[in-house]
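Spelled out, the chains give:
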Amino acid sequence: MTSAAPMNPVAVSLDGRAVVGDLRLDVALTVEPGELVAVVGPNGAGKSTLLRLLAGLVALDAGSLALGGHIVDDGTARGRIPPHERRVGWVPQERLLFDHLTVAANVGFSPEATPARVDSLLDALDLRHLADHRPAECSGGQAQRVAVARALAAEPDLLLLDEPSTALDAESRQRIHALLGDRDHQPATLLVTHDPVEVAGLADRVAEMTAGRIISTPPT
Amino acid sequence: MTRPPNAPRSVLVVAALAVAFLTLPVLALLQRAPWSGLVDLLRRREVVEALGVSLLVSLTAAGIVLVLGTPLAWVLARVDVPFRRLVRALVVLPMVLPPVVGGTALLFALGRRGLVGQWLERWFDVTLPFTTAGAVVAATFVALPFYVVTVEGALRTTGDHLEQLASTLGASPLTVLRRVTLPRLVPAMGAGLALAWARALGEFGATITFAGNLPGRTRTLPLATFQALESDPEAAIALSLVLLAVSLAVLLPTRDRWLPTR
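Note that the protein sequences, when read in sequence, are chains Z and W. Letter 99 of the first sequence, counting from 1, is numbered 99 in the numbering used here, and no numbers are missing. Numbering-wise, the numbering used here comes out as the position in the second sequence, counting from 1, plus 220.
If you are wondering where the hints come from, they were derived from the structure by calculation, not from laboratory data. The model shown is predicted, which means the values in this text are computed figures rather than measured ones. The beta-carbon is built from N, C-alpha and C at its ideal position, and this holds for glycine as well. Worth double-checking, as some hints may not be accurate.
Quick list of simulated restraints, FRET-style, between CB atoms [stated by the list, open to error]:
1. Val-321/W / Gly-140/Z: 37 to 43 angstroms
2. Arg-78/Z / Val-307/W: 21 to 27 angstroms
3. Thr-76/Z / Leu-472/W: 50 to 56 angstroms
4. Arg-80/Z / Leu-242/W: 52 to 58 angstroms
5. Val-19/Z / Leu-340/W: 26 to 32 angstroms
With the C-beta cut set under 7 angstroms, the calculated list includes, among others, these residues of chain Z facing chain W [said to hold, decoys possible]:
6. Pro-83
7. Trp-90
8. Thr-102
9. Ala-105
10. Phe-109
Chain Z extracted, bound-state conformation:
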């Protein structure tokens, strides 16, 4: 696969004063292009909140979030960079496809998605035969592959995957793992997962999160 823009390491920094609702976040993490960091930890540790915060879908109530060296959220409405200007891709747990568009149009939704990029992703994730179909005709596994392809087509600097292969059949899981395992030309990626096999097979590093803090990122 080809990538349009040269990619840089993405530094994620939430100072210890960063607060969302009841959760205080303390995170300092740098992810290299092509690197996949698995974020693990107990339920309620703030893993999904962290991803939504990075994507700009939830706002800090206090403190600040720096992404790639720039403050993207300083706890005020005025100091918040909106999601569409962050170059952060997000694949949520739940099935979220544009059901009024075809599979190909879903993958090519982003203004950044080039036809060549869409084509190569449709092939890589074995979605070519579904290109002109509606998402309603896709199985759960196919739908999640469309979601991953759509996020990658947007050429994000940072890709956020929130348990993307939970509740998938074995074949779909394998295809997503194969794509994510081929790290050439892939963006810096944070993968929230509870699956030890996924951690062992895909992660370059593991970041353990407890009560809003990333307490260790030992190399695997």
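For chain Z, the structure is supplied; the task is to place chain W on it using the hints.
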């Protein structure tokens, strides 16, 4: 129809009575219809004229409802506006307000000496009461809430998850609106528009109060029906049949939404 074993007979009887109550007036209208002379009645100048005024007024009102109502519904559903509950109550008010009161209020607002009307006349030489434009204003006033409530409800039901996701793909808010929100909203917009148009077509009280009952200008089908009832009952029935036919034509395409089928 299969009766579930736990359906009490008394409930079924009352339900059947309710259906009879709703259907009886329509049946009576059909029974009294002068079928043999119907075509001649419908060709009469006053009937054709009233139909023309009604279509012009209701379709123009529907267009204004679409243009004003879509942004309003979106703001009510998606934007954290101050005093939202109060704003929504004001928007819904014409639905529960007696139309005559609405017409009177319009007269004091947009009449020649009204709050805004005096300036409309002085600055722009625009007079609304007792004109076709006034009938459009009255119809829009009563119809707009039906559209806004329908579209706002649909926006709330679908949530904003897909819109959020679209924004993470680099789509600006306007692009999200154009490529995600509006295309997904089309069925609800169609249903809301059908309801609003039907309401505008049947409008009587606000129209007669604010726009009067002037043949060829503000005398719509309901006003012509009311007028004919005193002098020419057969014509009144013919006019009622036209309104009934149009109402059914509006209701049938939206039956999946308003007449849910299993």
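Inset, instruction - Tell me, in ascending order, the numbers of any earlier hints that this structure violates. - result: Those not satisfied are hints 1, 5, 8 and 9.
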